[in-house]
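*Asks:* Which chain is which? The protein sequence lines are R and G, in order. Going by my numbering, the first sequence opens with residue 1191, and the numbers climb by one from there. Going by my numbering, the second sequence opens with residue 1191, and the numbers climb by one from there.
Keep in mind the hints are simulated off the structure, nothing from the lab. A portion of the hints provided could be inaccurate.
What the hints assert, rightly or not - Label pairs and their computed distance ranges (CB to CB):
| # | chain 1 | residue 1 | chain 2 | residue 2 | range |
| --- | --- | --- | --- | --- | --- |
| 1 | R | Glu1580 | G | Thr1299 | 39 to 49 Å |
| 2 | G | Glu1288 | R | Pro1513 | 28 to 38 Å |
| 3 | R | Glu1580 | G | Glu1288 | 29 to 39 Å |
| 4 | R | Lys1573 | G | Glu1288 | 52 to 62 Å |
| 5 | G | Lys1573 | R | Val1307 | 28 to 38 Å |
| 6 | G | Pro1289 | R | Glu1466 | 33 to 43 Å |
| 7 | G | Gln1304 | R | Glu1378 | 50 to 60 Å |
| 8 | R | Pro1561 | G | Leu1286 | 11 to 21 Å |
| 9 | R | Val1307 | G | Ile1381 | 32 to 42 Å |
| 10 | G | Ala1559 | R | Glu1378 | 45 to 55 Å |
| 11 | R | Val1307 | G | Arg1305 | 52 to 62 Å |
| 12 | G | Asp1504 | R | Pro1561 | 39 to 49 Å |
| 13 | R | Gly1374 | G | Ala1559 | 56 to 66 Å |
| 14 | G | His1520 | R | Ala1518 | 18 to 28 Å |
On a predicted model such as this, the values are computed, not experimentally measured, just so you know. C-beta: ideal position from N, C-alpha, C; glycine also.
Chain by chain, the residues:
2 protein chains.
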Amino acid sequence: MSRRRTAAVLVTGSEILLGRTQDRNSGTLARSLDAHGVRLERVVAVDDREEHLRAALDGLLADGYDLICTSGGLGPTHDDRTVAIVADATGRELVLDEPVLAEITEIVTGYAAQRGVPVERLLPGARKQAMVPAGAHVLSPSGTAPGVIVPGATTIVVLPGPPTELADVWGRALAHPALAEILGAQLERRILRIWSTPESTVARAFDQLGGDDHGTETSICATRLEVEVVVRFPADAREAGNRLADGLVAEFGDAVYAQDDRPVEQRVVETLIERELTIGTAESCTAGMIAARLGSVAGASATLRGGIVAYANDVKTTEVGVPAALIAEHGAVSAEVAVALAEGVRARLGCDIGIGVTGVAGPSGGSEAKPVGLVHVAVVGPKGAVETLERRFPGDREAVRTNSATAALHLVRLLLADDAIRA
Amino acid sequence: MSRRRTAAVLVTGSEILLGRTQDRNSGTLARSLDAHGVRLERVVAVDDREEHLRAALDGLLADGYDLICTSGGLGPTHDDRTVAIVADATGRELVLDEPVLAEITEIVTGYAAQRGVPVERLLPGARKQAMVPAGAHVLSPSGTAPGVIVPGATTIVVLPGPPTELADVWGRALAHPALAEILGAQLERRILRIWSTPESTVARAFDQLGGDDHGTETSICATRLEVEVVVRFPADAREAGNRLADGLVAEFGDAVYAQDDRPVEQRVVETLIERELTIGTAESCTAGMIAARLGSVAGASATLRGGIVAYANDVKTTEVGVPAALIAEHGAVSAEVAVALAEGVRARLGCDIGIGVTGVAGPSGGSEAKPVGLVHVAVVGPKGAVETLERRFPGDREAVRTNSATAALHLVRLLLADDAIRA
């Protein structure tokens, strides 16, 4: 096998260093580089100051990566300096690229017309964005900022900061001949996603199976109520990689709920569509998060009929048919109400499967009997199939709600795995 | 004014470099450091390989920051090496901290009992997590991993990776005397959030007002349909900072919709509560995202009655009362149906304000007349007040849905600004 190529990502943006916006681009690039056999070794984020960006770029150039991808700093504003700094660091002049200027001008002209802004205001920015290092390959813009590929001992790919623009322009870079030598053969990998098992238990099993001693690279990551194990290996370590992965599957059995990348909502939606089952939600504390996650999957309309966000108690009664007496007797946060929500929405929307969630998201509203973080989830399916879960989630309001939604989606998965509901 | 202290954040985790999980901790630390007058100059992320983490740490130590915060690599698993590497890089032995071992043992014992796992399996991990650099200050764990503060010319604060744990343990670090010398006076700042204005227009106004020539530091960031400007300044540049911010307010008038940090959903919920108005949602393409964002605000139950996710057309009719004939005539994605959704949910749930959203989220389902990204939003309030918006959003399914939800929340804000609906 040829040498693995290495890469670094340099993210620029004062707003990131101030914590005012979150970098999503390094993750996009990380996944793509991994898929193309390139090892991402470092991500550096700096603010927009010229000296900071330059120092970081010089440092990464000195490290000798095969590829550096930069994200951000291509806009029309005063603090967008990436292209000029890359040109300077690689000893190239900045030159106006007429074809891309024409492209950008057309884009901003349309934008100005749509928004009722005089186009003259946008033209200086367009011209600034069309300046590229001499000899660089220009990648057409997705928004108004083109990307550039600067060839050299280290190839530099300069990409715009807005995430959808970056993804588009990076897609063009991947197809460009200038990157052909860097993008290599994909490592093989086995993904295991293990539900409701402590990370330390998984780590212990990994160690007992011999760990990464035979040419594999494994990451173990606890996130969203699951532990994700990725065993990565070159073709010549395939046997070791499969032995390790199969050993973990044998150890954890049914808790290994997935061996691929799809998020739980995607698995659930795809299974529902495949089985021609419909679903609906009745959510209290999650207030629509579960429906929104189901709806995030392309094609969800074939299974998701809808949902009720039943935040106020009387809405639980009038819109989902939860008896007011049941709420009075057990409280809104109770297993009984969770089941009634699931059954109610199933009947109300005429779905095969209903989800009900109720809990105390906090920070206030908790009591000794029903503390913040207490959540009841119920999933009701055909033929009387029911899955329920009571958990007390740690963390803040957002963590409680997100984990509740994730748990509900897993309950649907468990219900779908139940042979009893199959036709 | 004394010298601004500087900081770097070092994030470790192969799962981040592989793009399998997203780093949220650097943002948490960035906002906190900014609030304490410390200038975060660099964020570096590396995988869990000892040599990569060590090289990054050595590089940051050589850069001479006053403070380095590390995130991650404190778990009980084989690839968690941060504490040992920090000890080595600072020439300290690793020693067992008995008090924190007792703390961790108590935590994992409770955890094991709750989950039905033999505690013996967790004890080796607990012992590993209780090893700290000699002479370091130990910060009690939030999960099972304690933090440590290693004093020196550069103070190093070692923090756990799980976001809620990091936030907790960092809170303890902030209160620790060992950081007292580093945390300084807060910079003053003016925040302006400008709705629906091109970033380049804002940048041009900024430049015409003289830019950062008088001791201010300004960031201009376009995100979520808005441009956020933060003008930051020390006390001795207060006049220049206010002149700049006031100049932008004068230039953009009502488009400057906020001068603080609160997300639009928080502003909306707080205003609704203050005016004793209730709200409900009827969502098609966003499938619960708007309700979920309203529900993300602590105390939302005082205004959010609930919502209907009306994904299937017949659910729009049966649950929200949108006439089937209206859908047949105009199509589900139409201004008429958006208004009918908003009016319908307002009547159905007995709210003061109803939100209706319908659109083509994609990737399929678009047509020439109704392309992917086309979204209609309507907000209906008391006294016949209505706000509507038709937009074609660029980007993928997630971008279309997220922007639709943001636009809907802004429409509520605009409706609330309308004097006509005030009592």
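*Asks:* When you take the CB atoms of G:Gln1304 and R:Glu1378, is the distance between them in 50 to 60 Å?
*Replies:* Given range 50 to 60 Å: violated, Cβ gap about 37 Å.
*Asks:* Quick check: does the Cβ-Cβ distance between R:Val1307 and G:Arg1305 fall within 52 to 62 Å?
*Replies:* Hint holds: Cβ distance 58 Å, inside 52 to 62 Å.
*Asks:* Quick one: are R:Gly1374 and G:Ala1559 within 56 to 66 Å, going by C-beta?
*Replies:* 45 Å, violated
*Asks:* Has the hinted range 28 to 38 Å been met by the Cβ atoms of G:Glu1288 and R:Pro1513?
*Replies:* Roughly 55 Å apart at Cβ, these two residues miss the hinted range, so it is violated.
*Asks:* Taking 52 to 62 Å as the hint, is the beta-carbon distance of R:Lys1573 and G:Glu1288 inside that range?
*Replies:* For R:Lys1573 and G:Glu1288 the Cβ distance comes to about 56 Å; the hint holds.
*Asks:* Do the Cβ positions of R:Glu1580 and G:Thr1299 conform to the proposed distance bound of 39 to 49 Å?
*Replies:* 21 Å, violated
*Asks:* Evaluate the given range 28 to 38 Å for the C-beta pair formed by G:Lys1573 and R:Val1307.
*Replies:* 33 Å, holds
*Asks:* Can you let me know if the beta-carbon spacing of G:Pro1289 and R:Glu1466 is within 33 to 43 Å?
*Replies:* The hinted range 33 to 43 Å is violated for G:Pro1289 and R:Glu1466, with Cβ atoms some 59 Å apart.
*Asks:* Has the hinted range 39 to 49 Å been met by the Cβ atoms of G:Asp1504 and R:Pro1561?
*Replies:* 40 Å, holds
*Asks:* State, for the Cβ atoms of G:Ala1559 and R:Glu1378, whether the hinted interval 45 to 55 Å holds or is violated.
*Replies:* 46 Å, holds
*Asks:* Does the hinted range 29 to 39 Å hold for R:Glu1580 and G:Glu1288 at CB?
*Replies:* 36 Å, holds
*Asks:* Do R:Val1307 and G:Ile1381 keep their Cβ atoms within the hinted range of 32 to 42 Å?
*Replies:* 24 Å, violated
Hints 1, 2, 6, 7, 8, 9, 13 and 14 from the list above are not met by this structure, while the remaining hints are.
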